[in-house]
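A.B. asks: Order-wise, the sequence lines are chains A and B. Residue 58 in my numbering sits at position 58 of the first sequence, with consecutive numbering throughout. Residue 82 in my numbering sits at position 82 of the second sequence, with consecutive numbering throughout.
Watch out, some of these pointers could steer you wrong.
[Stated by the list, open to error] Within a straight-line C-alpha distance of at most 25 angstroms, the following computed PhoX-like cross-link-like pairs (lysine-lysine) qualify: (1) B/K216 with B/K109; (2) A/K53 with A/K10; (3) A/K22 with B/K37; (4) A/K23 with A/K56; (5) A/K56 with A/K19; (6) A/K19 with B/K37; (7) A/K53 with A/K22; (8) A/K19 with B/K216; (9) A/K19 with A/K53.
Keep in mind the hints are simulated off the structure, nothing from the lab.
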Amino acid sequence: MKGATVEEVKAHITGTVWKIEKKAGDSVSEGDVLVILESMKMEMPIEAPCSGKVTKVLVSEAQPVNEGDVVVVID
Amino acid sequence: MKAALLQALRTRHLGRECWFFDTLESTQTTAADYATKGAAHGALVWARVQTAGRGRMGRTWLSGDGSLCASVILRDGVDAGSAFQWSFVAGLALHDVITARIGPGAKLKWPNDVLIVEASGGARKVAGILCTLELQPHPAVIVGVGVNLGFDPVAHDPTLAGRAAPLPREDAGAWLAELLLQLERRADEHLRLGALHTLAETRARLAFVGEIASVKTAAGELRGRVLGLNDAFELRVEDEAGRAQTIAAADVWPAAAP
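So that you can see chain B by itself, here it is in the shape it has in the complex (with noise of 0.2 angstroms):
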């Protein structure tokens, strides 16, 4: 598999250097313990199989046959203050390659998670991402990303069923070598054009604009038309009474039925 890898590769420095493990509990946790240790700008942890994969706020990652599984550090241009910008640089490229592969059906779901939306208004989840910022020696975002390449989760946690799905088969080391192009060429942007651009483009590709949704926070769920993003990124709501909230973490999802 890494040979694969290795032999698609077309970037300057993501993915040059590379760990791979047949089995591993996280890559996220590795790539963060190698981070800490000093590992280079693009160094990349990537995994057969996980048997801990981590989720946002210690859920699981769900992960089998087929799935990608990778983590990659990224360390140009990141400081503590403006990090969070790199969670929607990595949604942007992980949308490129879905998009490229799928067509035009793929959005992004607040924060970085990719969609398909289907033609009946549902919306299943095919690839997330979850980041981790190690301030020390130096701050690294390390970007850790898992597709559903062929692995359906809804298999094994039929509690996710209408919400997840697989994509189709492919390999796993050219699928990762395109995202990794991919993500190189949008951090390149995000530095060069800056987080306003990074903005603008997350803003057009942004599901459930303009639709009832359940938002879920850690104070309680909030039910309301989602009404776009912030100039910070942050998603705004108008709930049932017609006031506008600003969220900075939650959970989105259509709204169901009354």
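Okay, chain A solo, but in the shape it has when bound (with noise of 0.2 angstroms):
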């Protein structure tokens, strides 16, 4: 796993998650959407910092979050 490296991807605010757009296995590219938030009736995407595989979805639909909660995994 030499130079491998895995990227936390955290909500940027507090709300909830309103819809999940990629599960893990999928292989994303920098700026694909992974989660959309709510908060204050503004939907706010949470975006692929990087390319790469997502290994884990941390959050379902409809649940709250904190601004800093990882909510995606990519490797």
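Now that you have both chains on their own, put them together as the hints suggest.
C.D. replies: Below, the structure is given as structure tokens:
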């Protein structure tokens, strides 16, 4: 696994998970929408900060999240 | 209808580029798609009829004959970190237009729905907003607005009785022109005077302050006294044990009598 990096993608706001766009095992490119959060009647996407494969989705739809919570892991 | 809008339009940017549809699933979905393809600041998507109007968290926004359904793309001054503040800017603009028409009975239901508060203490929603942030290719906030102009949602969904109401029917194009003007003015103020100005203006129009409310979050229902907004625009509620709680996402209504 030399050279592999694990990226923990965090919620940038406190809100509710509205929609999960990627699942574990999906390949993603930088900028792809992983999860859409809703807070204060604003839908806000969380984008992949890098290309790779989604290894974990740590939230479910309608779940409340706090700013800084890890929502997705990309390997 | 589009001609009526263009004739009444007094904005610099908002609505100057306009796509009008007789029937559309959702102006918000279409405008978000146009935003990702690079549509300019102020571009407007407007439909006479929506067949799949969207509310928050995937809910349906009911509309029908007379409803105003439109979404406008804002780019100037938008960044991802403070994007949620535009949700309040839009609420203020909507409140401005409704207050100019019906007088002082309109209030903002946090974060940005507009209610008519009745003398009995009841409150019924007459207009709502849903915002969407798009980050690609450049940040944009899409402000989607639904206004019950002569349309009574209760006639289509009796479960909304006591919670929703129509506004007087009038020309949707002229109404939309006024809304775009007030939104442009509120957006200018927000950028010139800052978020604390928008916060103060919202606090001055907030519904249910000091009242016992039912606050429904993804984690459950909280019953308590509405204290107001903190400096992050979050709702502060004192629960029944006297503890102040901070709420970032919820649906707030007057609590039913115990």
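A.B. asks: What hints, given by number in increasing order, does this structure fail?
C.D. replies: Per hint list: zero violations.
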